[in-house]
Amino acid sequence: NAGVTQTPKFQVLKTGQSMTLQCAQDMNHEYMSWYRQDPGMGLRLIHYSVGAGITDQGEVPNGYNVSRSTTEDFPLRLLSAAPSQTSVYFCASSSTRPGTGVDYGYTFGSGTRLTVV
Amino acid sequence: SQQGEEDPQALSIQEGENATMNCSYKTSINNLQWYRQNSGRGLVHLILIRSNEREKHSGRLRVTLDTSKKSSSLLITASRAADTASYFCATDGTTGRRALTFGSGTRLQVQP
Numbered sequence: 122n123a124g125v126t127q128t129p130k131f132q133v134l135k136t137g138q139s140m141t142l143q144c145a146q147d148m149n150h151e152y153m154s155w156y157r158q159d160p161g162m163g164l165r166l167i168h169y170s171v172g173a174g175i176t177d178q179g180e181v182p183n184g185y186n187v188s189r190s191t192t193e194d195f196p197l198r199l200l201s202a203a204p205s206q207t208s209v210y211f212c213a214s215s216s217t218r219p220g221t222g223v224d225y226g227y228t229f230g231s232g233t234r235l236t237v238v
Numbered sequence: 132s133q134q135g136e137e138d139p140q141a142l143s144i145q146e147g148e149n150a151t152m153n154c155s156y157k158t159s160i161n162n163l164q165w166y167r168q169n170s171g172r173g174l175v176h177l178i179l180i181r182s183n184e185r186e187k188h189s190g191r192l193r194v195t196l197d198t199s200k201k202s203s204s205l206l207i208t209a210s211r212a213a214d215t216a217s218y219f220c221a222t223d224g225t226t227g228r229r230a231l232t233f234g235s236g237t238r239l240q241v242q243p
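In order, the protein sequences belong to chains Z and C. The first sequence begins at 122 in the working numbering and counts up one residue at a time. The second sequence begins at 132 in the working numbering and counts up one residue at a time.
Here chain Z stands alone, though its shape is the one from the complex (with noise of 0.2 Å):
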């Protein structure tokens, strides 16, 4: 298995550009979000799904957009892209145990590190 696969690895951007950050899963996870990581920092969450066809805002959705159109995949859009979003970039999905209501940890993807200039 894959496991968590963000592309691209590396990206610079001008002002002002838009560009979606891909992320998919083969392991049929229900549960999947964005989170940025800034130097020195811990993570933090910009949009999340609990499921296709449903997504929800985290702390730091502003000039950020997401679509959750198949369990596999949820791809993070930025509108018009400003140097704040300088930034790295990491997808996570999970689940809950079926029948259980016990829940995996979360796998990460490798990363998208975006410049903005």
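These aren't lab readings, by the way, just hints derived from the structure by calculation. As the structure is a computational prediction, the values presented were derived from the model and not from experiment. Positions of the beta carbon are idealized from the N, C-alpha and C atoms, including for glycine.
Ranges of calculated distance between the beta carbons of each label pair, as one might list FRET restraints:
{"id": "1", "chain 1": "Z", "residue 1": "E151", "chain 2": "C", "residue 2": "N149", "range": "34 to 40 Å"}
{"id": "2", "chain 1": "Z", "residue 1": "V133", "chain 2": "C", "residue 2": "S155", "range": "33 to 39 Å"}
{"id": "3", "chain 1": "Z", "residue 1": "S205", "chain 2": "C", "residue 2": "Q145", "range": "36 to 42 Å"}
On the provided structure of chain Z, position chain C as indicated by the hints.
Using the frame of chain Z, we list chain C on its own:
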């Protein structure tokens, strides 16, 4: 905002010593998880403890949870140079949200 603080922010020990990291959080939780991040890499899940559990072990890892104090600790016994990394606690299920809320992390350096 971050869920809480981790203490200490940085820790340097010798190989073979134990490392203890503490984490505090602010709201009710489903579970609390610990992750390791090697420099420039993604996060790796280490251990999960549910809100109705008080202690959990996995190999050289021991996690405790005190929901009355909203705090957790991670103990790594007999540390190795390969344990050098940043360690983050994260809570899941905060206010019904199924996503992680992270602490600020502890940078652990294990000297050979």
